[in-house]
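Chemist: Protein chains in written order, with full-length UniProt numbering: chain W, 1 to 447; chain A, 1 to 447.
Hints listed in this document are in silico derivations from the structure and should not be mistaken for laboratory results. Worth double-checking, as some hints may not be accurate.
[Stated by the list, open to error] Under the rule of at most 30 Å between Cα atoms (straight-line distance), these lysine-lysine pairs were calculated in the DSS-like manner:
hint : chain 1 : residue 1 : chain 2 : residue 2
1    : W       : K36       : A       : K162
2    : W       : K36       : A       : K158
3    : A       : K11       : A       : K102
There are 2 protein chains.
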Amino acid sequence: MNQAHISQLEKINIPKSDLPRIVIIGGGFGGLRFVKRIDTRKYQVVLLDRYNYHTFQPLLYQVATAGLEPDSIAGPLRKTFQKKKNFFFRMASAHKIDPVEKIVETNIGELSYDHLILACGSITNFFNNEEFEQKAFPLKQLPHALNLRSQILQNFEKAVLKNDENEVQRLMNYVIVGGGPTGVEVAGALGELKKHVLPKDFPELNLNKMQIYLVEGQDRLLGGMSEKSGEKAFEYLKKFDVNLYVGKIVKSFDGETVELNDGMQIPSETLIWAAGVNGNALTGMDQKVTRDKRYQVNEFNKVEGFDEVYAIGDVASMKSEEFERGHPMLAPVAIQQAELLAKNLNKGLEKDNWKPFKYVDKGTMATVGRNKAVTEVFGKLKFGGFMAWLMWMFVHLVLIVEFRNKIVIMSNWVWNYFTYDRGTRLIIRPFVKKKYKAKKQAEEMPV
Amino acid sequence: MNQAHISQLEKINIPKSDLPRIVIIGGGFGGLRFVKRIDTRKYQVVLLDRYNYHTFQPLLYQVATAGLEPDSIAGPLRKTFQKKKNFFFRMASAHKIDPVEKIVETNIGELSYDHLILACGSITNFFNNEEFEQKAFPLKQLPHALNLRSQILQNFEKAVLKNDENEVQRLMNYVIVGGGPTGVEVAGALGELKKHVLPKDFPELNLNKMQIYLVEGQDRLLGGMSEKSGEKAFEYLKKFDVNLYVGKIVKSFDGETVELNDGMQIPSETLIWAAGVNGNALTGMDQKVTRDKRYQVNEFNKVEGFDEVYAIGDVASMKSEEFERGHPMLAPVAIQQAELLAKNLNKGLEKDNWKPFKYVDKGTMATVGRNKAVTEVFGKLKFGGFMAWLMWMFVHLVLIVEFRNKIVIMSNWVWNYFTYDRGTRLIIRPFVKKKYKAKKQAEEMPV
Chain W
1 MNQAHISQLE KINIPKSDLP RIVIIGGGFG GLRFVKRIDT RKYQVVLLDR
51 YNYHTFQPLL YQVATAGLEP DSIAGPLRKT FQKKKNFFFR MASAHKIDPV
101 EKIVETNIGE LSYDHLILAC GSITNFFNNE EFEQKAFPLK QLPHALNLRS
151 QILQNFEKAV LKNDENEVQR LMNYVIVGGG PTGVEVAGAL GELKKHVLPK
201 DFPELNLNKM QIYLVEGQDR LLGGMSEKSG EKAFEYLKKF DVNLYVGKIV
251 KSFDGETVEL NDGMQIPSET LIWAAGVNGN ALTGMDQKVT RDKRYQVNEF
301 NKVEGFDEVY AIGDVASMKS EEFERGHPML APVAIQQAEL LAKNLNKGLE
351 KDNWKPFKYV DKGTMATVGR NKAVTEVFGK LKFGGFMAWL MWMFVHLVLI
401 VEFRNKIVIM SNWVWNYFTY DRGTRLIIRP FVKKKYKAKK QAEEMPV
Chain A
1 MNQAHISQLE KINIPKSDLP RIVIIGGGFG GLRFVKRIDT RKYQVVLLDR
51 YNYHTFQPLL YQVATAGLEP DSIAGPLRKT FQKKKNFFFR MASAHKIDPV
101 EKIVETNIGE LSYDHLILAC GSITNFFNNE EFEQKAFPLK QLPHALNLRS
151 QILQNFEKAV LKNDENEVQR LMNYVIVGGG PTGVEVAGAL GELKKHVLPK
201 DFPELNLNKM QIYLVEGQDR LLGGMSEKSG EKAFEYLKKF DVNLYVGKIV
251 KSFDGETVEL NDGMQIPSET LIWAAGVNGN ALTGMDQKVT RDKRYQVNEF
301 NKVEGFDEVY AIGDVASMKS EEFERGHPML APVAIQQAEL LAKNLNKGLE
351 KDNWKPFKYV DKGTMATVGR NKAVTEVFGK LKFGGFMAWL MWMFVHLVLI
401 VEFRNKIVIM SNWVWNYFTY DRGTRLIIRP FVKKKYKAKK QAEEMPV
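Same shape as in the complex, but just chain W (with noise of 0.2 Å):
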């Protein structure tokens, strides 16, 4: 190591070894795919994580939405890799990459690699507007999904207690920001808790009342999935009543109304951010980082100009005929450049025998609550209704890494379905607004 790098933070205490260490850099679907492939005999393995647990995001709206327990979309890190040997995690946060020392800083020390996986994945994009950093609802982690959940519940105990007519509208009205899935299965959700469950709750309110507004900048829904599936989305949602504006842009949020960029005042106190994502890179490599804040990386996801430094996930922009903008920011890519990574570096360092990635799109979907939703698979074959809604659960059930948790999403599924019910609707830790800032950057910490 260089005599001149003088550091002040403490070391992080991992066992010597004489095998090359891995750093990996978060636990999402990324990171935990290439812990679970990379082969522990021929390395050394550090995951980093600032949760202890994986989150199982395509899922975290039913968590706002009161439709699931925020325990049952997370799998315990540690649990996940008891049997693994020769592996070790650190609840950390990294905030910086010195990769001439091969060296990450985080709030616990520093720790040395020899290899480095970034799969930091992304976080919410605010556009560089504090407004809407400090008072809208974004949704990526679940903390910001257990704040949304206080947040809907709480709106309609104040509202009961109003007289005004227009503060009891203020409190109703849900203003959704983004067209994509996120934004399209919030709204499909408060749709359903609109229809099925708050008017048992509330009788005293007329929960007519309550307007669903989805904003959209592009002039259609689900811009990653085809023209059909947009319209579907588009009139599935209709069906719930929710008030579709697209090709509109909300310019403004004071706390109590959004302002559109047409003028369009919509008082509200709950504005819910799923206007789009960057990349959650690091400090220490700028030069490589690119404006949506992924890492440029060549084929086979190295950060090129450093050495033994990788990115995968929605952290990595890896450009190719197919995606000049670098590939889409979706857990099957993660998946499948971690599963690609692991299995080149098991071969060791000679990048000759290396394949390069090659995405396999084998579908996207999204629901638009109870039975509907719409997927396309392998790019062609697409449907929407019912079917594709008995699709979408079973996918999700495949994919989510605990078999427990499993059963209890399935369980809770099955309860919601038959009883128009959700079983999770309370505010265990109220909202606080003022307190939101400090708390915010807390969450959002680089991973």
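For chain W, the structure is supplied; the task is to place chain A on it using the hints.
Modeler: Just chain A, lined up with the frame of chain W:
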């Protein structure tokens, strides 16, 4: 209303009614049962609680030790009373009673009553020691249980980072104050974590180092049960290697070291406070409040000297020949008092027809980890071990409010039993010590 009464508070919005209004403060075992039984053709009924759910407190310790999801031991109050006509729930913290004007003051405004039912339960008694109040972990509400769960898991995440043996030991020492059912159950559950769960998650740590201390001021455990039950619990806890200190008192805790009255010092970051509770009496009727903060009531649960004010459950002190210091603070007492009071009020206000309260002791029980419990039925039959444990499970499943929760808890228990595992070891909101005081005050607000 008296002209002299000038209030700054808004009135809580409840529809007008010709029927007399009963206000119940607290949705615990007593308040819940009272609302179930009261005849809403005769009264307008308003329930106040600071939470929007009922907490099944006997299982809090399982949430704290990662055995159950928080959602599974909580019942949303609005859902429980969905079919109740002429019933109104308001999420509110009451803090003061004006028994002359017949008004309850809360954080969301004031509410007038014709009949008042004080069912505010009990709060942790720190014996006016500010140090304990700020630094120890109580276990009365769901947020407490989640704080303790985070603390336990964070301690182990920290321990793997330490080189200093003393620091590691401090993180792995747990001190529980109070040898009642809560203390005994927490000690047993921690013993199980030590034996079956944590060694698999933390192979780097020597879990034999984890030490559980139970400190009890009296000279035996389970003071509320028979001596034989106390001995059984002692014997079972010994098998879990719990260090038992009876006849000793915790003198101080600075956040790093617990000191006992005999000078013994235990380095520990985690002091779990199960040393007793006080009634949660509100201000405004102080002349009828006992030293342990309960309302003195007669055999009809009426707070004497005040018109139409009743107290039930933990916050009521009803003295009798058998119970010279008031009835014990137990769920069955609260439930039976609630049943009778509702029945009496349903008969009308002529108290000649009213029946006085007579407690039927159906038994008490405590569980000590896997396969072990002590049970006393009808004050006579006593048994320990596996049969008692099965009975403990059965009784708790029968008692818990929601049908759905029964299924969730049952399946969790079956899972935990056969896999020797705990499903929910997630640090969802990391416990932050420095914020603790403010947060705890918010949580400990009167119901």
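Chemist: Next, verify each hint and record whether it holds.
Modeler: Hint by hint, here is what the structure shows:
Taken as a hint, the K36 of chain W and K162 of chain A pair is honoured in the structure, with Cα atoms around 27 Å apart against an allowance of 30 Å. Between K36 of chain W and K158 of chain A the CA atoms are separated by roughly 24 Å; this keeps the pair inside 30 Å, and the hint holds. With a CA separation close to 13 Å, the supplied pair K11 of chain A and K102 of chain A stays within the 30 Å bound.
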